[in-house]
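J.: Listed here are the chains, written in short residue letters.
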Amino acid sequence: MNDCFRAFSFVDRIHSIQPGIKICGSYAIPAELSGFPPSLVAEAVGQLAAWAAMEAVDFKCRPVAGIAAEIDLLSPVCPGQVLELAADLETVDMDAIAYDGTAHVDGNPVIRLRHCVGPMLPLEDFDDPQRLRDRFALLRSTGAAPGAFNGLPPLALQIHPSDEIGQTLRATLQVPTAAPFFEDHFPRRPAFPGSLLMKSNLELAAALATQLPQPATGGSWAPRGASDMKLRTFTRPGETLEMKASLSHLSSDAAIISVETRKGSQLTGSVRVRLATVTTP
Amino acid sequence: MDNNNITKDEIMSVYPKAAAAMADALGCDTEKVKLDASLIDDLGAESIDFLDIVFRLERTFKVKIPRGKIVEEARGDLSEAEFSKSGIVSDAGVERLRAFLSEVPSERFPAPLKLADIPRLFTSETFCKMVIRQQRAAAVASGTQPA
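In order, the protein sequences belong to chains A and B. Its first residue numbered 1, the first sequence is counted upward by one per residue in the working numbering. Its first residue numbered 1, the second sequence is counted upward by one per residue in the working numbering.
Honestly, I wouldn't trust all of these hints.
Taking lysine to aspartate or glutamate pairs in the EDC-like style, the calculated list, with each CA pair at most 20 angstroms apart, reads [said to hold, decoys possible]:
no.: 1; chain 1: A; residue 1: 263; chain 2: B; residue 2: 49
no.: 2; chain 1: B; residue 1: 17; chain 2: B; residue 2: 31
no.: 3; chain 1: A; residue 1: 263; chain 2: B; residue 2: 46
Hints in this document: simulated from the structure, not taken from any laboratory.
The shape of chain A in the complex, shown without the other chains:
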C-alpha cells in the first residue's frame, strides 16, 4: 500500500490560516494505536507550521527540522484523542521559518514549542509540489480521512553498558533501510525524521536518568522538556547513529542530560533534556 500521507502525516485538518501569521489545525490520534509518543506530538505541530510555510512561498520551498529552543512536554496523550494544533509564525521567507507552536487536548496544553527555526529548501527536491498543493486544499476543505497512521515500526535503540554509571550512557541506533515513514518523509528524498531522533534521544536520557540518585522526594526522574535541540544534517535510510548522553546538571529536583548524536565523527544533532521528579501515586 502506498504510504504517502499515511505513514508519517499528522495533520488531518487545517481549520484556519492567517498567511504568515498563524495557522490552526487538528489531528485525530488513531484509537487502535498502542501509544503516541510526545515526539510525534511535536512532529504534528511542526508539520502544521510547515503547511503554513509552504503556502506562504507558493509551494516553492519547504521547511525541514532545524532548531527548537524550548520544548515543554506538559502532558502525555492517548490514542483516540484529538490534538488541537496551532503555530504562530514569527517569520516566513524563502530562507527559513521561525515559529512557536502548541498542541492541546480538550483545551488542555500537552506540548509547547518555542523559538523553532526550520531552514527552507527547494520543495521539488523532496516532493511533488502539485501533490502538496492538492493535499493542502484537502486539509483546508473537508480534511483528510483520519486513522491512516498505523504506528511506528520498531526502532531498536541499542544501549551500551555504561562506563561511567550515572554520568554518561551511549547507544547505537540503526536507522532502517526501509520503513513506511520514508514514503512520507520524504517521497523524493527519504530522511530519518528529526522527531524520531528526538524520541531516541529522550529514551537514552531516561535510561541514564535511572542511574541517577533517587530524587529527594522519593519519586523517579522523567523527561519534562528539551532545549537547544539542533539538527545539523539529514540522516539517510540505513545509516548508523551513535548517541552519547551526559549528565550536565543535577539538583534535588531537576536534572539536565545533554545528548549528542553522530554519524562517524560528524555531529548530526544535539539536545539538552530536562528532567524533573515524578511521584508514582
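Using the hints, position chain B against chain A.
T.: Frame of chain A, contents of chain B only:
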C-alpha cells in the same frame, strides 16, 4: 547605510550580549567568541548555526536582521556580474568586501576568493556590526535618529 563609521564603543556596547548569543548557538564558552574569531574556521559554525545565531541576535536585540544581505550590501553599486564571475569574486568585488568587512584581517582574504567562501570571513564582530546597522535603521525608521 554607512557601514564604515561604526565605532568601537558601539561594538563593545553590543558585544557582550552578542557573544553570549553566539556562544549559546555554538555550544561553546563565551570566552571563545572573541571579536576576531572566525565563526566557521575558529568556532566550527555550520549553516544551521548561522541561522540560529541570527534568530538569537534578533530576539536579544529586538531587531530584524535581513539574511543574505551582507554580500548585497558589500557589493554596493557593483553589478552581480562585476562582483563575481563563475563563482569567483572579482578584484573589484574583493576590494568592496575588504572595505565592508573592515573587521576582517587582510590576510584572511584568500586569492582567489570563492563566492561560497565569503561566510568563512565572518567574525563575531561582523555580527555585532549587523546588529548595530539594524539598530540604526530601526532608530531612523522610528524617527528617533536622523537618516
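J.: It remains to establish, for every hint, whether it holds in the given structure.
T.: Here is what the structure says about each hint:
no. : hint         : result
1   : A:263 x B:49 : holds, 18 angstroms
2   : B:17 x B:31  : holds, 12 angstroms
3   : A:263 x B:46 : holds, 16 angstroms
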